[in-house]
Amino acid sequence: MSTADIDSAHPLELNQPRFSVKKPEPRYDKQGDMPDAQRVETAMRYFVKDFGAVAATYMESCIHCGMCAEACHFYIATENPKYTPIWKLEPFKQAYKREAGPFAAIYRALNLKKKVTVEQLEEWQELLYDSCTLCGRCTLICPMGIDIAALVGLARHGMNQAGLVPHELWAVAERAEREGSPLGATPKVFKERCEWLADDNEVEIFVDKAQADVVAAMSSIEIMKYPGSIVATSKILNHLGLNWTFRSDGYEATNFGMLSGNSAWQREASMKLINATIAAGAKLLILPECGHAYGAMRWQGANIYGKPLPFRVLHISEFLAENTKSGALKTKPLSKTMTFHDPCQVSRRGGAIEAPREVIDGLGAELIEMQDTKGLNWCCGGGGGVVTIHRADHIRYQAFQIKMKQIDNTGAEMLVSSCSNCRQTFDDGQDHFHWDKTMLSLLDLVADNLEDK
Amino acid sequence: MDLLQFARGPALTWALAIFAFGMTWRLAGILLLKRRPDYSEPRNATSWPGALKLIISRSWPRREFIQRTAFGQALGYIFHIGLAIVVFGFAPHILFFRGLTGLDWPNLPNAIIYLSGAITLGALIVVLGRRLIHPVLRLLSNFDDYFSWFVTFAPVATGMLAVAHLGARYETLLAIHILSVALLLVWFPFGKLMHAALVFVSRGSTGALFERKGASI
Ligand code: HEM
Ligand code: SF4
Ligand code: SF4
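The listed protein sequences correspond, in order, to chains A and B.
All residue numbers for the first sequence refer to full-length UniProt numbering, where the first residue is 1 and numbers rise by one.
All residue numbers for the second sequence refer to full-length UniProt numbering, where the first residue is 1 and numbers rise by one.
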């Protein structure tokens, strides 16, 4: 399918509570018109292309103990063995052993590992995309310490190059590449939104200041669905009296190129943000309430840039924590009980585990932790692009029930997180289950409780 | 040359040579691959403590997981410890290692060795049964899993038969035992038994990478 067909064949559902494209029936998606044999060859080449010593170690180390299944919400919720995390890599393990491992020559000569077929890859599309949120919980149970989530990420590179990505994810990624944002938040739309939000909320929102100490970025989910985040960010930065700005040449922090497995698109999205921050001469880039945006910029940004970034990168929760601790951020006490949902990419895999807790503490709220929390929290089920994929809805809802139970058990009055993608997943789950809990944003909460100056 | 002489001589020598070559080849094939520099600003400047931490801490289950993994892990502990006792505690084995390396250490009483051997065999049989029944393990398992089980089970079983003088002449039983060890050594570097070495590399890599980010390990 050419890019021109994408919009008509898979129109984006921009007016729905979550965005994705309509095509819910079960299917295997293919992009482009590559012959099957070439798809397989391409998938394998791109999979092993980024292979370093660490990934090879992981591929060699699995002892098939099956424990990883016991950590994954998709297996626990369905008890279907195909959702065992390491099984999601099976064709890639097979290909690795045959094509790239230390004994590849023997495997090939004796045909001990068969060639991977396109049918296998089609079947695995569901396992590598629909049923993996890249949450990394499995990584924490594996007795061999294999980072299975990282391997799924690598396998997605192969699938993407072979044109074997679920359409919704591919379509939003392609749109992000084409328009600068996956959901229609073009620079023009973004600037207009900032203007009317500034008017409506009587808050100063800086866009495209030539020089600023701080550049703030947003996720498209916030721009289109939770624009309150733009207002909240502005209020807080103004409250702190900082010289800050949004940049219309670099405001989109989500990275659907990364999620869908397209390294070139990933690079392009990251470089926009990096260049905009440098152009403003800023010393700090604040990432929005978005999990994968944190992984993409905080941990991969410098490696895409090719050298250390000339500015600091903080997740908004880290930024709020720093300013809470320093006393610069003053809030009115909020005497409520709340529980916090750790966004996997910020907390478990990103290392910003205590920051949101320091902010909650600063707010004077009482935090009631879930039974499994911090690095061991359960994923909401919508990360890794899964929430965009319609045909994954049924297993996503099954997995979401684990989270609902954990939250209900706390008995907390408020439910808070710091990721708009999680929030979107929670909103959708709340709607589906007619649940009485609404996910709130930590950023909004702070902005709503700023002390008057 | 009778069977025992063959087992003790060329069979074992060749097996050790293949073992050494295979181990070196596989480890080198992995470790000599490129490692990309990481330019991100580390949360923790030194990352090796993370490697150490994960190598040690991953040896027992976390509170969050224990309910679901306790049975499998208990089994694992039982047969690994059993194997270690039998391999390194039995007087004739120590003699063999002394011949190979020059090192010597005190042996354990035979009664403990036999009991450990029996428990190990029992645990390994349960391990195999579980692999055949558990839906996840059944799906994951391939030739390597079953063959690795077999070459682990065989030396313990034949060793027990030899000391019990069961089924054939002692010399024949001993020869079979040594041949089964040779088979274990030959297979070791090529299949999943390699985990005995890779467990440190793999846990260590993840531990160091995650410590750098302050991520959960
Ligand atoms: C430093 C030494 C070793 C360490 C740290 C180690 C660690 C492990 C771990 C963590 C597992 C998974 C546990 C589980 O499934 O519950 C395992 C499985 C296994 N190990 Fe080891 N191991 C070591 C040495 C050995 C040796 C020397 C052998 C045999 C000669 C062996 C044979 C096995 C077998 C057969 C399994 C798989 C059991 C199954 O089928 O599930 N291990 N090992
Ligand atoms: S990363 Fe998360 S969703 Fe993916 S296999 Fe592991 S536990 Fe399951
Ligand atoms: S837990 Fe680790 S070693 Fe065990 S099957 Fe899963 S990936 Fe393999």
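Just to be clear, a hint being listed does not mean it is correct.
Dumping the calculated DSSO-like pairs for lysine-lysine here, alpha-carbon to alpha-carbon at most 27 Å [unchecked claim]: (1) K34(B) with K307(A); (2) K34(B) with K49(A); (3) K209(A) with K307(A); (4) K53(B) with K114(A).
Just so you know, the hints here were simulated from the structure itself, not pulled from any lab data.
Go through the numbered hints given earlier and state which of them the structure violates, listing their numbers in rising order. Hint check: 4 fails alone, others pass.
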